[in-house]
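Engineer: What follows is the residue order along each chain.
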Amino acid sequence: MRKATVVLVVLIIAVFGFNEKEIYKKDIRNRLVIQGIGIDLEKDDSYTVTLQTIDTNAQSATSAEGASQPPIKTYKVSGDTIYTTIKSVTEIEGKIPLYSQNRIIILGKSITEEKMDDVIDFFVRDVENSASIYIAAAENSASEILEAKNGEEYVSARSIETGIKACEYDARIFGTQLYELISRYNSGSKDFALPMLSVAEKGGKTGVEIIGTAIFNNTRFREYMSKDDTVYLNFLSDKVYNAAISFIGQNDKKISLNVVDSKTERKLKFENGKPTFKINVKIKADIAEINGGVSQTMTKEDMEKIKASAEQYIYKQITETRKLLYEQYESDACGYVRLLYILKPSFYRENEKNIDSVMRDSIYEVDIDLKIRRVGHEFIEMF
Amino acid sequence: MQNEKLSAFQFFTMLFISRTLTTVTYLSSYTKDIRLSDMLVQPIFRIIIGTLIMIPVYLIYKKQNTADVLSIARSKSKIISTPIVICYVFTFFYFTVMTVARLDVFAGTVVFPETDVKFMIIFAVLLCAYGAYLGFEALGRSAVLSAILVVPVLVFIMATLTKKADLLNLTPVFYNGVMPVIKTAVDSVGQTVEYGIIAVCLPKVSGNIKKGFFVWLILQTVLMAIMFFFAATVMGNFASTQLFPFHTLSSIAEFSIFDRLDAIITSVWILCAFIKAGLLIYLQADILHRTFIKIKKEYLIVGTAIVTIIANLIISSEFSRFAFVDNSVIKIILTGVTAFVIPLGVLIFGRKGQVKKCEKQQ
Amino acid sequence: MIRMVIFMNWFNKKVDEITVKERNEKPEKKPIDKDLQKNVAYIKQQFGDAFDVKYRKYNASGKEIIFIMVDGMCNNLLATEQVILPIIEADFTDEKGDKLIHSAADRVSASIDKAITNDLDEAIREAIYGSIIMLTEEAQFAVMFGVQGFPKRSVDEPSTEMQERGSRESFVESFKDNVTMIRRRVRNPVFKTQIVEVGNTTKTKVCVCYMSDRVERKILEEVIERLKNCTIDTVLGGGYLQSFLDTKQPSLFSGVGFTERPDVLTAKISEGKVCIIVDGTPNALIVPYLFVEHFHSLDDYLKRPYYATFIRVLKIAAFLLSVFLPGLYVAVCTFHQEIIPETMVFAITGQESRTPLPVMFEAFFIHLIYEIVREAGLRMPKSVGHAISIVGALVIGDSAVTAGIISAPMLIIVGLTAVSSFVVSTLYEPVAVMRFAFIIIGGFSGLYGIMMGFAAVLVNAAAINPYGVPFTSPLSPTKIGAWRDLIVREDWRKMGKRKMLVQKLEK
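Chains as they are written, first to last, in my numbering: chain R, 1 to 383; chain Z, 1 to 362; chain A, 1 to 507.
In short, the hints are calculated from the structure, not lab data.
For clarity, every value in this text was computed on a predicted model and none was experimentally measured.
Every residue, glycine too, gets a C-beta built ideally from N, C-alpha and C.
Keep in mind that a hint or two might mislead.
For lysine-lysine, the following DSS-like pairs were computed, each having C-alpha atoms within a straight-line distance of at most 25 angstroms [stated by the list, open to error]:
hint, chain 1, residue 1, chain 2, residue 2
1, R, K239, Z, K164
2, R, K190, Z, K163
3, Z, K163, R, K165
4, Z, K5, A, K479
5, A, K99, A, K57
6, Z, K164, R, K282
7, A, K218, Z, K5
8, A, K248, Z, K5
9, Z, K163, R, K284
10, Z, K204, A, K479
11, Z, K164, R, K267
12, A, K63, A, K99
13, Z, K204, A, K218
14, A, K479, Z, K211
If you want the footprint, here are the derived chain Z segments under chain R, 3+ residues with CB under 8 angstroms [unchecked claim]:
hint, segment
15, 171 to 180
16, 225 to 237
17, 252 to 259
Pair ranges (Cβ atoms, derived) [what the hints assert, rightly or not]:
hint, chain 1, residue 1, chain 2, residue 2, range
18, A, L302, Z, F214, 41 to 51 angstroms
19, R, K95, A, I412, 20 to 30 angstroms
20, R, S246, Z, V215, 52 to 62 angstroms
21, R, T90, Z, A159, 34 to 44 angstroms
22, R, N186, Z, V155, 25 to 35 angstroms
23, Z, V155, A, S159, 39 to 49 angstroms
24, R, T90, A, A347, 22 to 32 angstroms
25, Z, V155, R, S346, 33 to 43 angstroms
26, Z, K210, A, W483, 24 to 34 angstroms
Could you build the full structure based on these sequences and the hints that come with them?
Structural biologist: This is how it looks when you write it as structure tokens:
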């Protein structure tokens with residue numbers, strides 16, 4: 001019993017002596033819950049950081065959808081480094097920033113064009129930051145995205161993240177999380193893609209719009225792709241699980257396909273010393289809509305025609321996207337350089353310095369294999 | 001505290017938990033000249049090296065299953081046995097200190113970055129000493145209970161990561177040749193103090209030891225390979241920027257509304273560290289007790305704990321000290337000596353002694 | 001002054017030694033004297049002026065006979081009809097002394113429960129326990145007729161171990177009635193009992209029950225040995241003996257179980273365990289008792305296997321919730337906010353920022369208040385028990401949240417914890433203490449401390465091994481054969497084929 005008492009006393013001393021001050025400092029009530037961080041580079045080389053935080057002092061508001069949404073407060077601060085700039089919010093609010101609940105990091109145009117390397121480091125180094133946080137590029141400044149108001153309320157970082165996830169699900173943007181970005185950063189090509197955001201005004205109301213995918217070459221922003229084009233970037237990257245494709249079919253009818261599954265097989269072989277990428281895209285899709293198709297009986301021939309024109313259309317789009325990437329933007333956002341690096345390391349090592357020209361001159365054999373699963377119409381005679 | 005025996009299942013489960021800690025607390029600094037994908041191939045070399053270095057221990061056990069390396073050495077020569085005992089005690093002490101130090105570095109850099117963690121060291125070592133005080137059997141039993149929690153947790157985390165795995169994140173195998181891979185395998189074996197533990201604990205184990213050893217060796221290697229596979233395919237080069245890649249890996253894992261599962265891996269880590277440090281402290285006290293010091297084991301455990309605390313307080317005050325002490329060369333030497341060199345010596349000299357005895361008898 | 005202190009220490013030590021010696025010494029026999037008056041004088045000296053001890057003198061066939069009894073302890077009608085009347089009417093002309101005693105016991109009395117002794121102290125003890133003692137002149141023996149008739153509670157429904165489908169009987173205070181209840185369930189002579197007397201002053205009867213065909217002899221012998229050697233003055237319940245039967249290692253858990261149900265006790269002895277019924281208490285002790293048994297109940301075996309399994313999983317979850325939930329909540333809110341799902345963080349932050357206390361103190365005090373209310377509800381007369389509940393619910397629940405003293409999420413945590421802790425009621429004591437410990441640890445060292453504490457509890461539980469059957473068996477040491485009744489309960493058609501014996505759980 002005496003021994004147990006001694007152990008207990010020692011434990012209590014150890015526990016109590018440990019970090020008594022920490023209890024108050026790190027308690028949830030003393031934390032400023034950050035939802036979104038936007039970073040812009042000023043002309044004097046300083047950073048402007050816009051923080052979107054949850055306003056715990058305010059009563060919860062009700063959003064238009066009827067769901068309870070936390071009230072939002074934004075802070076705009078400037079400083080020499082990201083860390084000190086964000087820290088300075090503590091002086092305003094009296095609370096310690098909590099990064100772990102941050103949903104998104106938005107990088108202004110000034111950053112994506114020049115200083116990407118400098119700002120990302122903080123988010124990798126700080127342990128509270130989540131490695132799976134989304135990174136997005138702003139068409140102009142990051143602060144205008146986080147300060148955009150839809151009527152009286154701010155457009156929340158959470159809703160932006162939800163929008164990115166929804167677009168990513170439909171393969172209309174190329175979503176990149178922090179750990180993926182850093183992985184690309186540390187790889188040979190340093191090419192990647194980020195969702196691109198813009199402030200849009202429609203009907204007198206402002207809102208945040210996801211306009212497409214920003215393409216980066218060697219950590220610098222090159223150009224952005226529209227959401228429709230991004231679908232084919234995703235096909236090239238084997239990242240499509242669900243997508244919507246519209247094309248003009250026979251008799252100038254507009255046809256929409258709902259892609260329900262897709263698998264891109266990428267193989268590498270060498271022909272005449274040149275890398276040849278065999279890209280076989282297998283798609284399963286349903287016919288979602290045919291303009292003027294109501295009450296028409298579909299024959300097997302009609303189906304074959306739709307299939308052929310769809311395959312042709314997808315082939316064309318993929319080829320164009322591939323050309324855009326490797327010939328115009330010189331960016332390996334879809335990862336074919338990495339494929340070369342893994343499968344033929346000796347070749348990669350030899351051509352590492354002029355890899356952009358190698359990729360430009362490589363042969364890409366694209367093969368589309370579309371299977372139409374459901375026609376979605378009761379007037380059917382083909383089976 | 002009694003002289004207890006464990007079943008082979010309990011003993012090797014305890015070693016599995018102990019080795020899992022080393023895997024989970026893998027430091028990315030070890031991958032200086034090796035690509036993460038090479039770590040997927042490295043286990044094959046590990047199994048071979050691990051099996052080879054255990055041959056002398058197995059032969060000793062086969063010859064005399066009631067005596068361990070230390071008692072055989074002592075029966076041959078008390079002068080030789082003293083440095084051998086010191087060697088084992090120092091090895092176990094070093095690995096205890098390193099176990100706590102890693103926990104401390106982890107706590108100080110990841111869990112409580114702005115906190116002075118010296119009280120945490122005291123807290124942890126005292127609790128581990130309490131585990132050691134309760135004995136070999138209690139530790140063995142709690143290791144099995146821990147395994148019931150640890151294994152499903154690791155499987156669950158890996159399962160949640162399957163969707164995030166991207167084979168394009170892999171790097172070419174043997175990109176820098178075969179030697180770095182073999183070197184890493186040797187490093188990995190060097191970090192496995194459990195080989196040394198086997199050398200001194202086999203007489204305390206009942207049941208099918210050979211089967212237990214191979215199941216342990218294969219399972220921990222498979223676990224390591226799976227974890228490295230996910231680290232490589234999910235994080236790619238990001239892993240090398242993280243001090244504790246498996247902790248970061250678990251923070252990327254998500255399930256339902258839970259955006260990160262790193263707290264779970266933290267729990268696994270602490271549970272495994274408790275078992276490992278407890279076992280090592282127990283072994284130090286046990287070896288000292290039965291070799292030369294006829295002091296109660298309880299006092300020896302307290303003494304060992306105090307020395308461990310002091311050593312850790314010195315190391316933890318600066319990261320550079322930790323980096324200096326956490327040296328793979330030291331580990332390889334210590335593990336090699338305790339798991340292979342000493343048992344081999346004991347085997348050879350033990351046999352010579354026997355031959356001489358036989359000659360005398362004739 | 002120093003000398004005085006030294007002397008006092010020496011004196012106290014000596015006194016302690018003597019006291020311990022006296023306690024450890026077994027009472028010597030007091031032989032019955034041939035002189036009847038001397039015996040009566042001795043008994044009177046022992047009892048003093050006790051008003052309830054009756055001495056009745058009769059003359060049977062010219063021989064003086066004295067009956068001694070404790071009023072209220074024996075059934076007067078039974079004593080008169082079966083003992084006194086037949087003896088005083090019997091013909092003892094040719095018998096006297098010891099022969100008369102034996103004749104009265106064997107030939108004359110109609111009482112079933114009777115015994116002959118030559119120890120006067122034993123006779124006194126039996127008289128206290130409701131026997132009627134017969135002494136006569138020139139006899140060195142006395143007869144003790146068991147005609148107990150003291151007031152006792154009739155067999156009632158169990159109050160703490162409710163079962164949906166099990167029997168409605170629970171143990172009572174009389175150990176004989178309790179043994180009868182088991183005997184009725186085991187109609188087989190393998191059911192054995194052994195009486196041990198414990199308590200230097202109270203001389204409490206303790207009945208060790210077991211099944212001779214399956215009990216582990218080693219365990220049985222050790223139990224009896226421990227009971228015989230226990231140095232205790234008074235035994236007023238099973239709890240007095242628990243520490244003597246339990247492991248010596250300090251632990252929150254115990255290797256000794258309790259039950260108030262005869263059917264549960266029967267099940268336990270049929271597994272080869274040893275049960276101890278203590279006279280005067282409606283709870284029996286079971287040794288060895290395993291950790292997993294806390295999650296088993298008789299209903300598990302009376303319901304369909306899948307449902308029993310489901311209930312066991314629920315119980316384990318409830319146990320874990322009741323121990324760890326408040327501590328985890330405190331740890332997460334204090335150190336690991338990143339774990340909180342994004343959808344919950346606003347609710348928690350919003351609520352917690354409006355309360356005055358840090359989360360740890362808030363959790364500590366609210367649980368303390370809950371324990372006070374619970375304890376009050378337990379000790380209060382039933383009629384005011386409801387009032388306590390209302391006050392508790394209103395004070396803790398509504399007013400404290402409205403006043404902004406505690407947060408609503410914390411209240412939910414308390415509610416969940418409180419309800420969960422009653423699911424496995426046999427573990428309430430360790431659960432309540434551990435919960436507070438984890439609140440403090442979680443508040444000071446977060447998840448790190450909680451996991452360290454958990455590991456310490458784990459190894460502590462794993463070290464419990466009082467009779468060679470580890471407390472954590474069959475989980476560790478792993479006995480796969482026993483896993484058919486661990487969490488998943490197998491169907492009786494499979495489980496009934498093999499005996500589930502305690503020997504199989506040894507290390």
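Engineer: The structure should be examined with respect to each hint, and the outcome stated for every one.
Structural biologist: Verification of the supplied hints:
| no. | hint | result |
| --- | --- | --- |
| 1 | K239/R to K164/Z | 11 angstroms, holds |
| 2 | K190/R to K163/Z | 23 angstroms, holds |
| 3 | K163/Z to K165/R | 15 angstroms, holds |
| 4 | K5/Z to K479/A | 16 angstroms, holds |
| 5 | K99/A to K57/A | 19 angstroms, holds |
| 6 | K164/Z to K282/R | 21 angstroms, holds |
| 7 | K218/A to K5/Z | 19 angstroms, holds |
| 8 | K248/A to K5/Z | 20 angstroms, holds |
| 9 | K163/Z to K284/R | 20 angstroms, holds |
| 10 | K204/Z to K479/A | 20 angstroms, holds |
| 11 | K164/Z to K267/R | 21 angstroms, holds |
| 12 | K63/A to K99/A | 12 angstroms, holds |
| 13 | K204/Z to K218/A | 24 angstroms, holds |
| 14 | K479/A to K211/Z | 18 angstroms, holds |
| 15 | 171 to 180 | holds (count 3) |
| 16 | 225 to 237 | holds (count 4) |
| 17 | 252 to 259 | holds (count 3) |
| 18 | L302/A to F214/Z: 41 to 51 angstroms | 45 angstroms, holds |
| 19 | K95/R to I412/A: 20 to 30 angstroms | 25 angstroms, holds |
| 20 | S246/R to V215/Z: 52 to 62 angstroms | 57 angstroms, holds |
| 21 | T90/R to A159/Z: 34 to 44 angstroms | 39 angstroms, holds |
| 22 | N186/R to V155/Z: 25 to 35 angstroms | 29 angstroms, holds |
| 23 | V155/Z to S159/A: 39 to 49 angstroms | 44 angstroms, holds |
| 24 | T90/R to A347/A: 22 to 32 angstroms | 24 angstroms, holds |
| 25 | V155/Z to S346/R: 33 to 43 angstroms | 37 angstroms, holds |
| 26 | K210/Z to W483/A: 24 to 34 angstroms | 26 angstroms, holds |
The structure shown violates none of the earlier numbered hints.
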